[in-house]
Amino acid sequence: GGIITQTPKFLIGQEGQKLTLKCQQNFNHDTMYWYRQDSGKGLRLIYYSITENDLQKGDLSEGYDASREKKSSFSLTVTSAQKNEMAVFLCASSIDGNQDTQYFGPGTRLLVL
Amino acid sequence: QQKVQQSPESLIVPEGAMTSLNCTFSDSASQYFAWYRQHSGKAPKALMSIFSNGEKEEGRFTIHLNKASLHFSLHIRDSQPSDSALYLCAVKSGSFNKLTFGAGTRLAVCP
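Going down the list, the protein sequences come from chains A and B.
Note that this note's numbering has the first sequence beginning at 1, numbered continuously upward.
Note that this note's numbering has the second sequence beginning at 1001, numbered continuously upward.
For the record, the hints were derived by calculation from the structure and aren't laboratory data.
Every value quoted in this text rests on a predicted model; they were computed, and no experiment measured them.
No false leads were mixed into what you were given.
Simulated crosslink set (SDA-like; lysine to any residue; CA at most 20 angstroms straight-line):
1. A/Lys41 <-> B/Arg1106
2. B/Lys1042 <-> A/Pro106
3. B/Lys1067 <-> A/Asp100
4. A/Lys57 <-> A/Leu19
5. A/Lys22 <-> A/Asn53
6. A/Lys41 <-> B/Lys1045
Build the full structure now, drawing on both the sequences and the hints.
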């Protein structure tokens, strides 16, 4: 088995601040994803990376940047935090872009004051 | 663009009851249908999945898919308090492993 680690667990920021969330996986999976989870709205895909050195925009990429530093790590940057924003950011991985099961990390909870 | 909707939004059932959760999707070419379960404060975890019309049973859980009706469901037999969680349905369409998730059904099983 493997594990996905997300840091930090909680992130409190100020309006306009640039904030970075990190994700590490030891499954040796090729594909990684970033989702945003808002209450009542399900999971929405922000960015994904099919393999190392690849980066693809999801449905909710505006206001975010991502970076796949190496096969095991995938970072997400909130470019300018919005006041009163509150959400959970979930990182996931799958064996490759064709395999269906995605394995999730526990999430980073963001609060912007 | 794929639309995935779940019902009900929330559900309270007594321990031992049968629980039924529903998911509808809009793209008739969808290929993969899954249920994920997320306990409070934890990571979503894949529970069951199905590719073709019909039914699949794993322990107390049964998934049922009817592509013509654009509908699939999860049934939990003998519901337990440990089943209390947020249940998310997910649908894949297209060649890449992009899943579209529903908003979730929050289930509470009372002892």
